[in-house]
Amino acid sequence: MNKLAFLGITGLFLLGNYYIGRKFLTILEYFVWFKYPGILWGIIGLLAIAALVTLLVFNGNVGGVVGKIGSYWLSYWFLSLVSFGITDLILKITKKNTMIQSKNELLIWIIALAVTVVLFWYGSWQAQQIKTVNYQVTIDKPTDGKSQKIKAVLISDVHLGYVNDVKKLEKIVTKINQLQPDIIFISGDLFDGNYQALQDAKSMEKQLSRLSSVYGTYMCWGNHDAGASFEKMKELVQSAKITLLEDEMTVVGEELLVVGRKDSRPIGSQDGTRESLQDQFEKVGNQLPKIILDHQPSNLEEYEQSNELILSGHTHQGQIFPFSLVTKAYFIVDYGYYRKNENSPQVIVSSGVGTWGPPMRIGTQSEIVQIDIIIE
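So for the sequence shown, full-length UniProt numbering puts the first residue at 1; every next one is plus one.
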């Protein structure tokens, strides 16, 4: 990040914290017993610093406690800006002073504060609830042979770091193993861009090694699986016995061709740029159905065969409403199943099993995807 962007983000974030602090004081100063605004500003200042270092230290460890506090304050900061901002707007439209001058106006601000607290609690809780979503897809088999059914499990966007920690990863792995899959796919963003934020990398490697299936686990990189600590990320994945596909393909069980793509727009270094696979596709022909792991669902034009199934993530389905409206407008498919026509590839986009930025979900869910793939 260049210096100008750093200063801009820091300045806007601190202004937001000042705005929130002023609104807290607007409420507290109504009560005559409140005589210590300095304490409030001190607390907000510490929370703001925790959030800033968590957000802006890309290749370092600020500590698990500071990282969690900073992440959750970022959630509360965002919700407070929205809630207080809407309240300010309503009061100005109704030509009321935004300062508290009556019990009715005090009640309005208390309601705004209560809404913020409730949404913060709900969003944080919702992010930790992991749902299992089911799809069934049929892929044409170009050659003669009996029909086959493969139970696949897909996860994406784990974003391992301060909040999505070893405990969360253990929960994810246990849920996956309970599904007894034939094959497991990870379609990118296993990490959150900062390997140093892993408080116990060895334990995370151990948990990933627990993933159990008939054919193993296959993974592609996402845009956050990059940066100064990329080589350490790669080492952890390989040590966990996960098959990493970097613009590569492999035949699985003589039934599937599994393809993994490098990310098209990584945030930092990712050991070379994304390569075209057209020549490789032409060499292998159309004899086997293809499962393509491509993190971002913005590259669909690269695929054209009807026997291709593209598995993506990245969008988080917006993660927090109303951002889900933005992802829905921007991507051809931001969530769920999509197929343009019967001659086109099939696409499944997951909303992800983790979170990025504010560790909360409102209007979306953290999920593990089970896909029953019928080849006939």
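There may be inaccurate statements among the hints.
Below 30 Å or equal to it, Euclidean Cα-Cα: the simulated DSSO-like pairs (lysine-lysine) are [what the hints assert, rightly or not]:
| id | residue 1 | residue 2 |
| --- | --- | --- |
| 1 | 167 | 141 |
| 2 | 232 | 68 |
| 3 | 167 | 232 |
| 4 | 131 | 202 |
| 5 | 206 | 171 |
| 6 | 232 | 175 |
| 7 | 146 | 68 |
| 8 | 146 | 3 |
| 9 | 206 | 151 |
| 10 | 131 | 206 |
| 11 | 202 | 171 |
| 12 | 68 | 92 |
| 13 | 92 | 3 |
| 14 | 131 | 3 |
| 15 | 3 | 151 |
| 16 | 68 | 340 |
| 17 | 131 | 175 |
| 18 | 131 | 167 |
In short, the hints are calculated from the structure, not lab data.
Hint-by-hint comparison with the structure:
Using a Cα cut-off of 30 Å, the hinted pair residue 167 and residue 141 is violated, with the two alpha carbons roughly 41 Å apart. About 22 Å separates the Cα atoms of residue 232 and residue 68, which keeps this hinted pair within 30 Å; it holds. Restraint check for residue 167 and residue 232: satisfied, since their Cα atoms lie roughly 21 Å apart, inside the 30 Å limit. Restraint check for residue 131 and residue 202: the C-alpha separation of about 27 Å stays at or below 30 Å, so the hint holds.
Taking the CA atoms of residue 206 and residue 171, the gap is about 13 Å. The hint holds against a cut of 30 Å. Taking the CA atoms of residue 232 and residue 175, the gap is about 26 Å. The hint holds against a cut of 30 Å. Taking the CA atoms of residue 146 and residue 68, the gap is about 52 Å. The hint is violated against a cut of 30 Å. Of the supplied pair hints, the one linking residue 146 and residue 3 is violated, its CA atoms being roughly 61 Å apart against a limit of 30 Å.
The hinted pair formed by residue 206 and residue 151 meets the criterion: a straight-line CA distance of about 24 Å does not exceed 30 Å. Distance restraint check for residue 131 and residue 206: the Cα-Cα separation of roughly 23 Å lies within the 30 Å cut-off, and the hinted pair is therefore satisfied. This hinted pair checks out: residue 202 and residue 171 have alpha carbons roughly 16 Å apart, not beyond 30 Å. Our distance criterion of 30 Å between C-alpha atoms is broken by residue 68 and residue 92, whose separation comes to about 36 Å.
Taken as a hint, the residue 92 and residue 3 pair is broken in the structure, with Cα atoms around 36 Å apart against an allowance of 30 Å. Of the pairs offered as hints, the one joining residue 131 and residue 3 is violated, with about 41 Å between alpha carbons and a cut-off of 30 Å exceeded. Distance hint between residue 3 and residue 151 is unfulfilled; the C-alpha atoms sit about 48 Å from each other, more than 30 Å. A threshold of 30 Å between alpha carbons decides the hint, and for residue 68 with residue 340 the separation of about 42 Å lies outside it, so the pair is violated.
Taking the CA atoms of residue 131 and residue 175, the gap is near 10 Å; set against the 30 Å cutoff, the hint holds. With a C-alpha separation of about 17 Å, the suggested pair residue 131 and residue 167 falls inside the 30 Å cut-off, and the hint holds.
Of the numbered hints given earlier, the model fails hints 1, 7, 8, 12, 13, 14, 15, 16; all others are met.
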